[in-house]
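A.B. asks: With the sequences and hints as input, model every part of the structure.
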Amino acid sequence: MPQIKSHPCFLTPKALKPDCPLFVFLPGMDGTGQLFRSQTAGLETGFDIRCLAIPANDLTNWDVLADKVVGLIEAEIKQDPQRSVYLCGESFGGCLAIKVALRAPQLFERLILVNPASSISRRSWIYFGIPLTKIVPESFYQFGSLVGLPVLAALGRIAPEDRQALIEAVQMVPQKTAVWRLSLLKDFDVENIELHRIGQPVLIVAGGSDRLLPSVTEAERLAESLPNVQIAVLPESGHACLLEKDVNLYEIMKACKFLPSQSKRSHTLDRSNNQLVTSPT
1 MPQIKSHPCF LTPKALKPDC PLFVFLPGMD GTGQLFRSQT AGLETGFDIR
51 CLAIPANDLT NWDVLADKVV GLIEAEIKQD PQRSVYLCGE SFGGCLAIKV
101 ALRAPQLFER LILVNPASSI SRRSWIYFGI PLTKIVPESF YQFGSLVGLP
151 VLAALGRIAP EDRQALIEAV QMVPQKTAVW RLSLLKDFDV ENIELHRIGQ
201 PVLIVAGGSD RLLPSVTEAE RLAESLPNVQ IAVLPESGHA CLLEKDVNLY
251 EIMKACKFLP SQSKRSHTLD RSNNQLVTSP T
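Just so you know, the sequence shown maps onto residues 1 to 281 in the numbering used here.
Treat each hint with caution, since some may be false.
[What the hints assert, rightly or not] Once the Cα atoms are required to be at most 25 Å apart in a straight line, the calculated DSS-like pairs of lysine-lysine come out as:
#  : residue 1 : residue 2
1  : Lys176    : Lys245
2  : Lys186    : Lys14
3  : Lys257    : Lys68
4  : Lys176    : Lys14
5  : Lys68     : Lys78
6  : Lys176    : Lys68
7  : Lys186    : Lys257
8  : Lys14     : Lys68
9  : Lys176    : Lys186
10 : Lys245    : Lys257
11 : Lys17     : Lys176
12 : Lys17     : Lys254
13 : Lys78     : Lys14
[Claimed, not checked] Computed spacing ranges between beta-carbons, pair by pair:
#  : residue 1 : residue 2 : range
14 : Glu236    : Leu102    : 28 to 38 Å
15 : Val70     : Thr12     : 34 to 44 Å
16 : Gly199    : Gln171    : 32 to 42 Å
17 : Ala56     : Asn228    : 16 to 26 Å
Note that these hints are calculated values from the structure, not bench results.
The C-beta atom is built at its ideal place from N, Cα and C for all residues, glycine as well.
C.D. replies: The following block contains the structure:
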């Protein structure tokens, strides 16, 4: 994949598949898009993949970011406006995906949210720690980022090469940018009535052992407002679950009948007993 440019752009795998549905991935706080590489091999079976990359010095707000993503997607489907688009966002990218889906719902066939960070306000130690991140020395910030990795990810479930990629991605985010993106998450607020406007099928993937955010609880909360949703809980997975060697997003989507070649029927959370769809890991 090419290097990140001076503005948000799509990273593209070597093999393009213009005849397949477009799969757009919006990354977490690192913004690099590079950490999605462990999932591309499986997804390339049925999708043409694009990963959003946000420059390390980008300090734009939700609205500007959402507009830029919409513009990038519209450019991709310009030759075939009827092309199916799957939008997937992880953590920070999950919040961005919600903003994008609300901004241009006509573009998307399905939406996938992986441990969306919309619950950050319910983690008081993160919420109130954001102001402290602004004032600590840069060296302490870098050290703290590494010390916090066991909270961010279930490191024992991640292959060594992907663990190293995670470390490098975390270290690439400057302190000023981290503070800005955390402030965006702190201020992220979407009304229930807005979520109800997302009529496309939505799959929420939640790490059952997420130590950073209450992802399962947040999935259930979002599901109360999303009209066409199912939840896949990965019992042993942490926050950065897509890096884990036993997690295969394509297989999860297949198990949940969320692939283009599978049934088009709606998959709805059973609200009578709050049943969760649990996919094998």
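A.B. asks: If a hint holds in the structure, say so; if it doesn't, say that too.
C.D. replies: Evaluated hints:
Between lysine 176 and lysine 245, the direct Cα distance comes to roughly 32 Å. Violation of the 25 Å bound is thereby established for this hinted pair. Taken as a hint, the lysine 186 and lysine 14 pair is broken in the structure, with Cα atoms around 36 Å apart against an allowance of 25 Å. With a CA separation close to 30 Å, the supplied pair lysine 257 and lysine 68 exceeds the 25 Å bound. A threshold of 25 Å between alpha carbons decides the hint, and for lysine 176 with lysine 14 the separation of about 33 Å lies outside it, so the pair is violated.
Restraint check for lysine 68 and lysine 78: the C-alpha separation of about 15 Å stays at or below 25 Å, so the hint holds. Distance hint between lysine 176 and lysine 68 is fulfilled; the C-alpha atoms sit about 21 Å from each other, no more than 25 Å. Between the alpha carbons of lysine 186 and lysine 257 the distance comes to roughly 34 Å, so the proposed pair goes past 25 Å and is violated. Restraint check: the Cα-Cα separation between lysine 14 and lysine 68 comes to about 23 Å, which is no more than 25 Å; the hinted pair holds.
With a C-alpha separation of about 15 Å, the suggested pair lysine 176 and lysine 186 falls inside the 25 Å cut-off, and the hint holds. For the hint pairing lysine 245 with lysine 257, the CA-to-CA distance comes to about 22 Å; that is within 25 Å, so the pair holds. As the CA atoms of lysine 17 and lysine 176 are separated by approximately 37 Å, the hinted pair breaks the 25 Å bound. Simply put, lysine 17 and lysine 254 have alpha-carbon atoms about 19 Å apart, close enough for the 25 Å limit, and the pair holds.
A C-alpha spacing of about 21 Å is found between lysine 78 and lysine 14, which places the hinted pair at or below 25 Å, so the restraint holds. Hint check: glutamate 236 to leucine 102, Cβ distance near 32 Å, so the stated range 28 to 38 Å holds. The beta-carbon spacing between valine 70 and threonine 12, approximately 18 Å, falls outside the hinted interval of 34 to 44 Å. Our hint of 32 to 42 Å for glycine 199 and glutamine 171 holds, since their Cβ atoms are close to 40 Å apart.
Between alanine 56 and asparagine 228 the beta carbons are some 36 Å apart, a value that contradicts the proposed interval 16 to 26 Å.
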